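Per the UniProt record's numbering, residue 1 is the first one in the sequence shown, and the count goes up by one each step.
Hints are computed from structural coordinates only; laboratory data are not their basis. There's no promise every hint is true.
[What the hints assert, rightly or not] With a cut-off of at most 20 Å between alpha-carbon atoms, the simulated SDA-like pairs for lysine to any residue come out as follows:
| id | residue 1 | residue 2 |
| --- | --- | --- |
| 1 | K44 | P25 |
| 2 | K44 | R74 |
| 3 | K12 | I32 |
| 4 | K44 | C34 |
| 5 | K44 | V24 |
| 6 | K12 | G37 |
| 7 | K12 | R43 |
[To be verified] Label-pair distances were calculated between CB atoms; the ranges are:
| id | residue 1 | residue 2 | range |
| --- | --- | --- | --- |
| 8 | I111 | C78 | 31 to 39 Å |
| 9 | I16 | D42 | 17 to 25 Å |
| 10 | G37 | P67 | 22 to 30 Å |
| 11 | P21 | H70 | 36 to 44 Å |
| 12 | G100 | V24 | 46 to 54 Å |
| 13 | V66 | V24 | 34 to 42 Å |
| 14 | I46 | Q96 | 36 to 44 Å |
| 15 | Y62 | G9 | 32 to 40 Å |
| 16 | P67 | I111 | 23 to 31 Å |
Computed from a predicted structure; not experimentally measured. All C-beta atoms, glycine included, are put in the ideal place defined by N, C-alpha and C.
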Amino acid sequence: PTCDGIDCGEQKECIILDDIPTCVPELTCATINCIAGYTCVDRKCILDPCFDYECPDGEECYLEEVPCTHPPCRVPSCRPIDKCENSEDEECVKDQTCEGIDCGDQEECVILDGIPTCIPELTC
Numbered sequence: 001p002t003c004d005g006i007d008c009g010e011q012k013e014c015i016i017l018d019d020i021p022t023c024v025p026e027l028t029c030a031t032i033n034c035i036a037g038y039t040c041v042d043r044k045c046i047l048d049p050c051f052d053y054e055c056p057d058g059e060e061c062y063l064e065e066v067p068c069t070h071p072p073c074r075v076p077s078c079r080p081i082d083k084c085e086n087s088e089d090e091e092c093v094k095d096q097t098c099e100g101i102d103c104g105d106q107e108e109c110v111i112l113d114g115i116p117t118c119i120p121e122l123t124c
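Just need the whole structure built from these sequences, with the hints factored in.
Structure follows, in structure tokens:
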């Protein structure tokens, strides 16, 4: 038995299980959990060059591409940690503030559900 001609659809792949072509969720680095000291590259767990590589406080290890004669040529290096905590599609999104928001008389700006909003000022 083979998987030839088997269409499993999006994000699935055919493998032979107990001599039967079977559709299973496609393995990706997002779904593969490697043991400590290893990282996933092209659906395989390889030794993580950043494992035990120490960076100063406020920096993180990443693999930097460097010129060489026998690729891949990525070496551990340090870079500042991205302080962005809000992200959409891995893009930084600035925290919303009331800066530049002009509310009417006797109103004040507050952040409600992440959106600058004018509300009546509370007075006693």
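- Item | In rising order, the numbers of the hints this structure does not comply with | Failing hints, ascending: 6, 16.
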